[in-house]
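S.K.: These are the residues of each chain, in order.
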Amino acid sequence: MTAEPIAITGLGTVGPHGIGAGSLASALASGRPLASTIDRSAGYHAVGSSRLAGLVPKVDLSPWLPAAEARRLSMPSRYAVAAGRMSVEDARLPSLEGRNVAIILATAFGALLFTEKLVRQILDEGPESAQPFYFSECVANAAAARVALALGAHGANVTITEREAGPLLALARGVREVREGRAEIAIVGAVDEMTPLVHALLDRFRGPARASRDHDEAPRPFEARRDGVLAGEGASVVVLERESEAKARGARLLARVTASVAAFDATAPVVDWGSGAGPLARALHGGLSRAGHDIASIDLIVSGASGARRGDRLEAHTLAAAWTGAPLPPVVVPKAVVGEYGGGFLASAVLAAGGAAFGKIAAYEVSDPELHVAPHDGRPLPAPSRLLATSLAAGGAAAWAVLERP
Amino acid sequence: MPRAEQHPAIVVTGLGAVTPYGWGVDRLWEGLRRGVTAIGPFSRFDNARHRTHVAAEVPLAEGPEPPPRLSLADRFAVAAAHEAVSRAGVDLSVCAERTGVFFGSSAGGMLEGEWFFDAHIHRGARHAKQGLVVSQQFNGPGDAVARALKVGGHVETISSACASSAMAIGAALQGLRRGDVDVAIAGGSDALCQLTYAGFNALRSVDETPSRPFRKDRLGLSLGEGAGVLVLERATDAAARGATPVAILAGEASTCDAHHMTAPHPEGIGASSAIRIALADAGLDASFVDFVNAHGTGTPLNDASEAAALHAVFGARTGSIPVTSTKALIGHLLGSAGAIEAVATVLCLARREVHPMPDDGAIEPELGLDLVLGAPRSLPDVRAAISTSLAFGGANAVVVFSRVDAA
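Line order of the protein sequences matches chains R and G.
Heads up: the first sequence runs through residues 0 to 405, numbered per numbering that gives the first Met the number 0.
Heads up: the second sequence runs through residues 0 to 406, numbered per numbering that gives the first Met the number 0.
Bear in mind the hints are in silico, worked out from the structure with no lab data behind them.
Each hint should be verified, as a subset may be incorrect.
[To be verified] Short derived list, chain G residues pointing at chain R, Cβ under 8 Å:
1) D117
2) A124
3) V132
4) V133
5) I157
6) S159
Where a beta carbon is used, it is the ideal one built from N, C-alpha and C, also for glycine.
Sequences are here, hints too, so could you generate the full structure?
M.R.: Here is the structure:
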């Protein structure tokens with residue numbers, strides 16, 4: 000059954016690349032990680048732990064978020080509101096007034112810094128010191144609520160928290176809101192912040208990449224020496240509309256979302272990836288089939304591989320099982336550049352659908368004989384007609400989306 | 000209504016609950032019928048320095064042996080899910096890849112996160128056991144259920160504050176209608192923790208005495224903890240395997256006030272819109288709604304806003320529709336509230352009586368509601384009911400249930 004096509008007509012992004020799709024596209028073309036040094040002065044980090052994160056540089060958000068409005072917002076709320084307004088501006092939507100607009104955001108961790116400050120107030124100074132301002136901003140849905148307030152969006156306001164699979168689950172939910180008529184427009188994205196405390200905690204679970212004698216700290220998706228991710232932050236938000244309505248108003252189409260699939264790998268431990276490639280591949284096949292897609296028609300994979308040891312292995316094995324041994328189309332790995340969390344992956348997938356260039360991953364040097372997958376080598380690729388974006392989360396959740404070039 | 004006829008009917012075939020009344024649906028129903036609040040002094044954490052000192056906590060000693068590496072919220076979730084699946088009599092091993100988990104949680108394993116952080120900042124990083132934060136994330140309870148049940152389908156956690164698990168039930172309904180999954184485990188779980196307790200106190204939203212929803216002297220909410228889970232299936236699938244449905248999940252809707260971060264729209268515009276859309280989704284006229292399981296927190300602003308929303312939808316009939324609030328008995332379960340109140344709503348529908356709230360405070364005539372106080376209200380001809388969840392950030396979610404034999 001062919002469903003009504005849903006188009007992406009706007010993109011707003013704030014991340015380690017800075018602001019906007021242009022800076023993100025340049026970063027993806029460079030193939031180098033957008034890493035900067037995380038503040039370790041609080042003493043949260045152990046000796047030998049990771050030192051880098053994909054942090055948002057000092058950027059001027061004031062065109063989308065006036066200083067007076069930003070003053071009481073957590074960083075995730077600031078990123079999300081700025082990216083949300085940017086996406087609407089990019090979509091050239093004349094006005095959202097009177098429109099039924101849904102807001103669907105994913106976050107893995109919520110407002111970490113405000114949560115840390117509030118918990119510290121409670122535990123150090125006593126619960127009577129708790130600031131209401133911190134509390135109202137540290138609920139997971141604060142960013143989505145702030146975007147709704149900023150845009151006057153009265154449709155569904157949903158915050159999805161499924162770690163690395165969240166952004167594609169949010170995209171799927173947004174598509175359904177529009178396709179099934181519950182919303183005219185969906186503003187969909189992902190937002191997160193990275194703090195020294197949580198960076199150090201992730202490091203205790205060996206999440207972020209570490210430097211060693213034979214390599215630096217860069218994330219190395221699918222590489223033999225991979226040992227972790229670049230923990231990132233930021234927000235990326237897209238505007239979804241019915242393609243027919245977008246065309247009718249003369250909108251520029253960035254991509255078309257034609258399928259969404261979700262599954263779960265129950266073999267996964269709580270904080271790592273499992274080994275259920277076969278069932279995941281079956282779920283992917285089934286979902287694509289229900290959407291009317293033959294997997295052979297995919298001509299680019301935007302992989303969620305991040306450099307995680309077991310995560311990339313599961314991703315490689317799932318892709319191999321899904322393609323049943325046939326050669327894979329080119330595989331690009333944006334998380335090698337933008338890192339994990341903060342929506343950079345979602346924005347990268349949208350740019351990929353438009354034919355963005357993905358440079359050679361500088362850190363990829365030694366192939367992993369167990370995986371049989373390597374990131375694209377950076378040579379120019381024709382713009383894809385249909386790409387598969389993949390996200391396998393630590394803990395078991397999985398989500399995929401098919402984007403087409405309009 | 001034309002829209003409902005486009006959808007396959009979705010039924011509830013199993014229920015599970017862990018609440019301050021104890022472990023299991025039977026304990027919940029017994030407590031709800033009795034109408035004596037479970038809110039009182041509690042010991043989940045040292046609350047001596049907090050502004051208020053009451054909550055409703057789950058009696059942990061009565062529960063099953065805690066599985067390793069699960070947070071308390073995970074533990075509630077897994078126990079409720081096992082009960083719901085057992086009551087549904089569904090063999091998930093034959094449909095694991097077509098079974099989904101749709102869950103809500105607002106705090107995940109924050110309680111254990113606080114223990115970790117306390118050790119970290121007061122005794123040093125080496126003394127903070129990282130096992131405490133293994134399942135700290137919002138998605139901890141839902142993922143724990145998926146792992147425990149060995150589910151392979153769509154798994155999604157929604158963390159939209161107090162509307163989280165009502166939204167999760169809505170997402171499950173839509174997933175079943177679309178055919179994304181054949182069985183949906185829908186619910187929510189949250190545990191008491193200092194962050195939410197101190198946070199709501201900082202907002203002056205918590206009453207020092209058990210909450211009195213819709214009463215004249217109401218001063219705020221009371222917090223609680225626990226989990227509620229529903230097993231949902233398409234009616235045709237349930238019938239094919241010989242299952243007996245408990246109720247029909249007829250419709251759902253979500254809206255946003257986009258009015259204020261912590262205060263509801265005074266006229267309840269977002270809430271009334273959600274109720275109308277949910278009824279339209281269910282294909283039911285408002286006249287079919289025979290009782291309301293209200294969000295009913297007991298805060299002055301929320302209750303007034305919700306009453307306004309009910310009047311906007313039900314008009315002159317509002318004053319004759321029985322209204323109850325489960326929160327008056329087991330507290331506000333936050334991300335789990337929508338799920339446990341859905342369980343309560345289904346029980347009331349199936350047993351044809353509405354559970355009471357404690358009869359402890361003067362009613363506020365201006366609100367114009369028919370509150371169920373003191374004793375269960377028998378409704379032998381009950382047809383349908385709504386359960387409302389109205390959250391922080393203006394997020395509203397409404398689910399509509401109808402009686403199986405009244406459809």
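S.K.: If a hint holds in the structure, say so; if it doesn't, say that too.
M.R.: These are the hints, each one checked on the structure:
no., hint, result
1, D117, "holds (5 Å)"
2, A124, "holds (7 Å)"
3, V132, "holds (6 Å)"
4, V133, "holds (5 Å)"
5, I157, "holds (6 Å)"
6, S159, "holds (4 Å)"
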